[in-house]
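2 protein chains.
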Amino acid sequence: MQHNASLTTPYSIRMMIRNEDYTGKTSGFVPGMIQANLIVLPQQYALEFLQFCQANRQSCPVLASSKVAGATDLPEHVAFDLDLRSDLSGYRVFKHGQLFNEVANVKDIWRDDYISFALASSLSFEESIRNAGIEVRNITELKNAPMYLTNIPCEAVGKFASNLVVSMRPMKPADAIRAIQICCRYPDMHGVPIHFGNPADIGIKNINRPTFGDPVTIKEGEVPVFWASSATAEVAMMNARIDSTITQRPGHMLITDIKNSDVSLF
Amino acid sequence: MQHNASLTTPYSIRMMIRNEDYTGKTSGFVPGMIQANLIVLPQQYALEFLQFCQANRQSCPVLASSKVAGATDLPEHVAFDLDLRSDLSGYRVFKHGQLFNEVANVKDIWRDDYISFALASSLSFEESIRNAGIEVRNITELKNAPMYLTNIPCEAVGKFASNLVVSMRPMKPADAIRAIQICCRYPDMHGVPIHFGNPADIGIKNINRPTFGDPVTIKEGEVPVFWASSATAEVAMMNARIDSTITQRPGHMLITDIKNSDVSLF
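Protein sequence lines correspond, in order, to chains L and Y. Under the working numbering, the residues of the first sequence are numbered 1 to 266, in order. Under the working numbering, the residues of the second sequence are numbered 267 to 532, in order.
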């Protein structure tokens, strides 16, 4: 269906998704609101996972978590009347770290021992960058941002270990500098980039073959600029080979009731 | 004993403390290095405690945690060759949330199920403020900063609940403005103040009777400026009435190998 995001609220979008009237990606929905990644795993792994996120918080910024095992919501200020089993427009179900299924809801497979984590996505800083008049290529080209597994190790915690995953946006140097300045304001939304320029410096062999997401055009005079990505947490989750975990489908984010401007540092 | 902090390293100070050649407060030791609060609790409460800290991270900024139950160290980049049982200059032992004992080390009572958390202290931003030529009254008066339990509720998680605890430093308005600017750079070190001016606005009845720490002089033309304090985590820990927990004695901080400048946002 067509959507007219600018006229709607996060709640009305979540209800539309709950009713499965919309099953697509959420980029551009309800400008100004934080969209989050979802990671759901059994409580017995939740402490180590949260420690992993805390130890690697530039890539894995936890916005909120469910406080009781099995809870289907998050604190109310994050999303009013939330049902995590149905209020995202697409889910990925993993068994022992392997993708098992992609589904529209997870009502039938929800477990009493699940703890859910919402991690900040890159959509917030992309919006701020675009508001400054800087093009974000993956949005222009209607793609998921290209993401790459680097050779930079994260701090491991128990079963959870991964190299850093980065997302990439090509920019002219002056725009990259302005984007760095803007991202200073969002330390809890991945903050500033971790690298620009030569992809090989961080172990990326072929910039046109991203590990996740889609390749985007890099124009003459542009450099690739790399941000720490929440996909790092997903890779760590997969590497842990837990019997049962859930994430959102790429680009099918949780639309929260929190404004980007509320988490801006200044 | 006398100490000459400017000539020493965090490691040499920790060894001096391990040998119990020094049992005093650590303010002013090894300028430029982060000093941290310590909270140690049984693993069964660690997930909810870390979730509490994450949900209230301006007051409870977790710098690092022990990744294995019973571990006596933290990740090596935090503090080389650390022994958490002896490398702080004073400990408080709590039973069921009540202060039970103050001791020089906790070697004899360490448990295999303890998880340890290091939380950023206010010493880092105090140093940055002083480096800008602004007086920090509690340092001038050789006191612990005054702290107050406010009427602002934190987000509770399971057993862990508390109102926000704040520390207070009196300043002239122009200095307060500069201090706010400086603290923008340290979002993981309690960040900017949460209030200035009328103490009653945040439920503080008598500014001269702090809940913790010592009262300090407020001079003509100064306003009290309030920062979120890690003491919030200690109060939540006490409120949880856990059988056995440990913190540092007030002002007897863990001296880390991390530079303040490494966590400065810009």
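By construction, these hints were calculated from the structure, which means they are not laboratory data. Among the clues, some could well be false.
Some but not every residue of chain L turned toward chain Y, in silico, with C-beta under 7 Å [said to hold, decoys possible]:
id, residue
1, LYS67
2, ILE182
3, TYR186
Here are some chain L residues the structure puts well away from chain Y; computed CB gaps all over 10 Å [unchecked claim]:
id, residue
4, ALA46
5, GLN54
6, ALA55
7, VAL68
8, PHE80
9, ASN101
10, TRP110
11, ASN208
12, PRO215
Cβ coordinates follow ideal geometry from the N, Cα and C atoms, glycine included.
Going through the hints against the structure:
Given hint, LYS67 (chain L) at the interface with chain Y, holds; its Cβ is 5 Å from that chain's nearest Cβ, closer than 7 Å. Here the hint on ILE182 (chain L) is broken, as its CB sits about 12 Å from the closest CB of chain Y, past 7 Å. Because the smallest distance between the Cβ of TYR186 (chain L) and any Cβ of chain Y comes to about 10 Å, over 7 Å, the interface hint for this residue is violated. Listed as outside the interface, ALA46 (chain L) is inconsistent with that label: its C-beta sits roughly 5 Å from the nearest C-beta of chain Y, within the 10 Å cut-off.
Not every beta carbon of chain Y lies more than 10 Å from that of GLN54 (chain L), the smallest distance being close to 5 Å; the non-interface claim is violated. With 10 Å as the threshold on Cβ separation, the claim that ALA55 (chain L) sits away from chain Y is violated: the shortest Cβ distance comes to roughly 7 Å. The claim that VAL68 (chain L) lies off the interface is violated: its Cβ sits roughly 8 Å from the closest Cβ of chain Y, which falls inside the 10 Å cut-off. At roughly 15 Å from the closest C-beta of chain Y, the C-beta of PHE80 (chain L) stays outside 10 Å, upholding its exclusion from the interface.
Every CB of chain Y lies more than 10 Å from the CB of ASN101 (chain L), the least distance being 28 Å, so the non-interface label holds. With a least CB separation of 19 Å from chain Y, TRP110 (chain L) remains clear of the 10 Å interface cut-off, as annotated. Listed as outside the interface, ASN208 (chain L) is consistent with that label: its C-beta sits roughly 33 Å from the nearest C-beta of chain Y, beyond the 10 Å cut-off. Against the 10 Å criterion, PRO215 (chain L) stays outside the reach of chain Y, whose nearest CB is about 32 Å from its own CB.
Violated hints for the displayed structure, listed by number in ascending order: 2, 3, 4, 5, 6, 7.
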